[in-house]
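Once you've looked at the hints, dock chain B with the ligand against the given chain A.
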Amino acid sequence: MELLERLFVNIAGLARTLMAGWSLPNSIIELVVLILGIIAIIGLIIVDAIILVWLERKIAGFIQERPGPNRLGPAGVFQTIADTFKLLGKEDVIPRSADRWVFRLAPPLVFVPAIMLYAVIPFGKDMVPVDLNVGLFYCFSIASLGTMSFLMAGWGSHNKYSLLGGMRTVAQMISYEIPLLLSVLGVVMIVGSLNLSDIVAAQKNVWFIIIQPVAFIIYLIAATAELNRGPFDLPEGEQELVAGVYTEFSGMRWALFFLAEYTNMVATAAIAVTLFFGGWHGPWLPSWMWFFLKVYLIIFFFMVIKWTYPRIRVDHLMHFGWKFLIPLSLANLLLTGVGIEIYRFMRG
Amino acid sequence: MGINVEQPADAKQLLKHNIILTSIEKVLNWGRAHSLWPLTFGIACCAIEMMSTTNSRYDLSRFGSELFRPSPRQADLIIIPGSVNKKLQPLVERVYNQMADPKYVIAMGNCAISGGPYRDSYTVLPGVNTFLPVDVYIPGCPPRPEALIDGVLKLRERIMHPERAVKVSQDEQ
Ligand code: SF4
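So the sequence lines, in the order shown, correspond to chains A and B.
Here the first sequence stands for residues 1 to 348, numbered as in the numbering used here.
Here the second sequence stands for residues 1 to 173, numbered as in the numbering used here.
Because the hints were derived from the structure by calculation, they are not lab data.
A quick note: this is a predicted structure, and the numbers were derived from the prediction, not measured.
Be careful, since some hints might not be right.
Below, computed lysine-lysine pairings styled on DSS-like, alpha-carbon distance capped at 30 Å [said to hold, decoys possible]:
#1 B:Lys103 <-> A:Lys58
#2 A:Lys58 <-> B:Lys154
#3 A:Lys58 <-> B:Lys26
#4 B:Lys26 <-> A:Lys160
#5 A:Lys323 <-> A:Lys306
#6 B:Lys103 <-> B:Lys86
#7 B:Lys86 <-> A:Lys160
#8 B:Lys103 <-> A:Lys160
Cβ pair distances, simulated, as ranges [as the list claims (entries may be wrong)]:
#9 A:Leu36 <-> B:Pro139: 41 to 51 Å
#10 A:His319 <-> B:Leu91: 35 to 45 Å
#11 A:Met252 <-> B:Arg57: 30 to 40 Å
#12 A:Leu105 <-> B:Asp101: 20 to 30 Å
#13 A:Ser144 <-> B:Gln89: 39 to 49 Å
#14 A:His319 <-> B:Asp120: 49 to 59 Å
#15 A:Arg100 <-> B:Asp101: 16 to 26 Å
#16 B:Lys86 <-> A:His158: 29 to 39 Å
#17 B:Val95 <-> A:Asp99: 18 to 28 Å
Note that the Cβ used here is the ideal one computed from N, Cα and C, for glycine as well.
Excised from the complex, chain A in its bound form (with noise of 0.2 Å):
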């Protein structure tokens, strides 16, 4: 068990102590070591992505009482590879009047920040890629980016339907950042800090889930719709706007996008995992085995919710974003502020 929980950290330990066999100058070792941890999380990064575009099929079908894929593989785990080769191989369709580069730059610029959130997430004990101090800061303004790209995607595509989706996109991300960091600034409130190693410090007796259950409630309404997953996924909405931001793209341009939802939902799981259910922490399991536990347990809600209820429309998201979530939150902050006044009054 000892030897799982410091896997990790002994493999990068083990890299550093043969180069340094090898006298190698410090800056080197540590570069290596990054360039290291950065595979790392790609490779983890796109086979997450695999594993979670199957278990949504398959939830999807449990959810509407049908088998789901089950042919390729045992109960079809190999779908979502086929479905990768073909991706691979398909036409790259670029619109003649499209806005060449800025149809070209617009899907990864929504992958970047999606992989550079992996960056200051505490994935077990001592497996902070960067130990940040201002990690959730970092956090939400990195995140924030993703929106650019976004409304780039709809502008180079020069389609209505395309223009429309991304303006969508953006109305909505920007609505719904709001409560989700006024959310979260109740627990910086009561941590004092927003390292995130910090964070999951402090909730090593109690998880801020059961201080803080309003905000973890908004957070997770507000991430949904930052995700633009169901009930909130207006911005390809099919029924209007064809594909949204997609219609114009194929093959890989399209996947990559694809691949950007999935690792922003990881991502988005693991903050909250972070923030509100104690990180790492857990008895018997290895910390890293027990943060990615709890990590699929929201992705698993969150999927259940995307296949259970039925897209909301656009005016409603709006005033559910400005006129019920912000005020809410806005409450929450006031209250835990009282909060921790009396507690620390109480003290003496």
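Positioned in the frame of chain A, the structure of chain B with the ligand alone reads:
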């Protein structure tokens, strides 16, 4: 003509050198055959059967084809479920042209195959093969969902074994 005789030997040589490329083609074909995403596209009564094929009772998703794509750019397969008339023909053709290669066509129902009950009408085209390269024909008015699933499986076989399709056409000649 003399040049033509030489060419097959050359082609065989080339094939030997490019054996890696052919195995890549095999892997790609395996992917293409097992993830045929149809376009969300319906015309007439056959479309109702097509919709019920994805529902719980028949479940096309078992074969990985339940992801109906709303945008032609991401679809691999266009199912023509119904009668195409002269007014609709340019639009169907345009949607087909918007799809990214490789793309496949299934003609579903008698209307799409030959005009069906409306064959004698002055507005209806006698089959979609007058303007689209059809891969699989599914007869019936309407074909049952099982028949559509069988059609998708036939198409899968055709993609996995391109040499077989060629052989049949040579035999016919
Ligand atoms: S083949 Fe029959 S069921 Fe299908 S579209 Fe034609 S008339 Fe309707």
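Now for the hints, and whether the structure bears them out:
no. : hint                              : result
1   : B:Lys103 <-> A:Lys58              : holds, 26 Å
2   : A:Lys58 <-> B:Lys154              : holds, 24 Å
3   : A:Lys58 <-> B:Lys26               : holds, 27 Å
4   : B:Lys26 <-> A:Lys160              : violated, 38 Å
5   : A:Lys323 <-> A:Lys306             : holds, 23 Å
6   : B:Lys103 <-> B:Lys86              : holds, 23 Å
7   : B:Lys86 <-> A:Lys160              : holds, 27 Å
8   : B:Lys103 <-> A:Lys160             : holds, 25 Å
9   : A:Leu36 <-> B:Pro139: 41 to 51 Å  : violated, 59 Å
10  : A:His319 <-> B:Leu91: 35 to 45 Å  : holds, 37 Å
11  : A:Met252 <-> B:Arg57: 30 to 40 Å  : holds, 35 Å
12  : A:Leu105 <-> B:Asp101: 20 to 30 Å : holds, 24 Å
13  : A:Ser144 <-> B:Gln89: 39 to 49 Å  : holds, 47 Å
14  : A:His319 <-> B:Asp120: 49 to 59 Å : holds, 56 Å
15  : A:Arg100 <-> B:Asp101: 16 to 26 Å : holds, 20 Å
16  : B:Lys86 <-> A:His158: 29 to 39 Å  : holds, 30 Å
17  : B:Val95 <-> A:Asp99: 18 to 28 Å   : holds, 24 Å
Violation of the numbered hints given earlier is confined to hints 4 and 9; the remaining hints are satisfied by the structure.
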